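Colleague: Chain by chain, the residues run as shown.
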Amino acid sequence: MEKDESRKYALVLGIIPWVAYVVISPAFNKPEPLILGMPPLMFWNTLWLILTSICLYGAYKLELGGGLLE
Amino acid sequence: MSSAALPVAIIIGWVLLSLAVGVYAGIKRKFTLEGYLVSGRSLGLIFLYVLMAGEIYSAYAFLGTGGWAYSYGMPIMYAIGYGALAYAFGYFYAKYVWKVGKYFKCVTQADYFHVRYNSRTLAALVALIGIVFNVPYLQLQLQGLGYIVNVGSLNTISIKAGIVIGMVIMMIYVYTSGLRGISWTNLLQATLMFIVAWAILFAVPFKQFGGVGAMFKALAQAKPGHLILHPPLGMAWYVSTLILCGLGFFMYPQMYPSIYSARDLKTLKKNYTLLPIYSIFMIPVILAGFTIAAMGLKLAAPDEAVLKAVEVSYPSWVLGIVGAGGFAAAASTASAIILTLAGLLSKNLYTIIKPTASDKELVLASRISVILFGVTAMLLALFAPGRLVALLLLAYSGITQMFPAAVLGLFWKRMNKYSAGAGIIAGLITVTYLKFGLKHNPLGIHFGLWGLLVNFIVTVIVAYATKPDENFEKFRLAFA
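Protein chains in written order, with the numbering used here: chain C, 1 to 70; chain P, 1001 to 1480.
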């Protein structure tokens, strides 16, 4: 992949967690249903800790492949 | 044998182990300033990861987070969210900081501003802001440490004794071993914090209610408001706090030496992909706080929630492990802050009085500063608890005001020392006024974010009203 392209897609992956928390998580602000025992907002915010790691790992792989980490 | 013997032995044993590891890490080394403050830019993934995890999550990740869950409920979710946002931002931002650090041999946050804006005065301003807002934070860590060790030792070790022991131990290993000592001891501390959260706190809702779902059903009965965001900690507050804290996180001065200390870019970036996983340890802490609320227990102070949860769920010796965990959480954060402030004082303020100071002299100045900040924080924690609370309330908002200067300066040639300085000062005035003059958040939006808005506007206006920075091309060589 081109350097510029990997940089661009890596950045998109980095913005996804911001969208998940700042834009989407407010929609989960209700008392039920309990998901895995947790209120919706707590479930969403916890899930996205894991998904954030995955997004950033994707960005890392892209940048590595684009030779951006030398 | 009294029932307190085992918990006390656990705490003392852990503290002495930390001391031994911390001192061993550096006792036989001759440190250059770079070796002392940023471990010679040599840390691999594991030491970098535990350095940052230990440093970021403090005693208040236990006391404050659990306390918020207990007293307010769902608004605490901001703390889960902003860490992930900060790491997603830092994943990209830290690369620039690291490259600047390597190219220009920076060892402090103020160095970064110094090389970008070619201004000793601006660097001194940045150093002062870092010191002023972090000393009360340091004091708070010590108070938290004293309190947890006191409860953990079943009141055998007094709060004041805990503060003194904790601080003296930290001063010794930071003095001898610098950042290397902190990264070694943080391997112990970050592991223990993780164990306390997952092996001890996670079981609390199961022991009390038989499960997480059952606990929340009980909470919905006892405190229905706890399951949702509600004013004054409502939606506008939640979203604006997420943004403020997500952006402001990397303006804390202790972030810079840890970034510089990474061995290479791959290590640094891999570290940020893994940090969100570590922060899941706050979930058991929050669950413990919720459990106390669901049980309908009344506490004298919300910060007691997590310790109360352990007390009602376990035999008393387990409190000893939590007490050691309290030392772990406080020491891993406070030691990094002390070293950071010492670096700012010696490298960016002392050199104003003595520009010709040699590298060796600056190592000594840093070590003396470690003692200076350590003793200051200790005396404040012992004799003036709560005295600096006003600074603490402003800390995050105040520190965040460095954001436009730090980030716009990377890409925008028009940014110069005047726009950077004017923005920071305008932001600081705004947050101080909103917090202590107006005393509420306009439109429910966090006052720090209003400060950032004013800061940004002033920065841009001054940048267009003054000449572009001649130093910019030279600065950009770091990325060539």
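Quick caveat, the hints were computed from the structure, so don't treat them as lab data.
Treat the hints loosely; a few may be bogus.
[Claimed, not checked] In silico DSS-like links for lysine-lysine, alpha-carbon gap of 25 Å or less:
| id | chain 1 | residue 1 | chain 2 | residue 2 |
| --- | --- | --- | --- | --- |
| 1 | C | 3 | P | 1474 |
| 2 | C | 30 | P | 1223 |
| 3 | P | 1095 | C | 8 |
| 4 | P | 1223 | C | 3 |
| 5 | P | 1102 | C | 61 |
| 6 | P | 1105 | C | 8 |
| 7 | C | 3 | P | 1102 |
| 8 | P | 1095 | C | 61 |
| 9 | P | 1030 | P | 1102 |
| 10 | C | 61 | P | 1474 |
| 11 | C | 8 | P | 1030 |
| 12 | C | 30 | P | 1099 |
| 13 | C | 3 | P | 1095 |
| 14 | P | 1439 | P | 1105 |
| 15 | C | 8 | P | 1223 |
| 16 | C | 3 | P | 1354 |
| 17 | P | 1413 | C | 3 |
| 18 | P | 1467 | C | 61 |
| 19 | C | 8 | P | 1354 |
[Claimed, not checked] Chain P is nowhere near these chain C residues, computed Cβ spacing over 12 Å in every case:
| id | residue |
| --- | --- |
| 20 | 2 |
| 21 | 4 |
| 22 | 63 |
Bear in mind the structure is a predicted one, so any value in this text is a computation, not a measurement.
Just so it is clear, CB atoms sit at the ideal spot from N, CA and C, and this is done for glycine as well.
Colleague: Taking the numbered hints from earlier one at a time, note which ones the structure violates and give those numbers from smallest to largest.
Modeller: 4, 6, 10, 11, 12, 14, 15, 16, 18, 19 and 22
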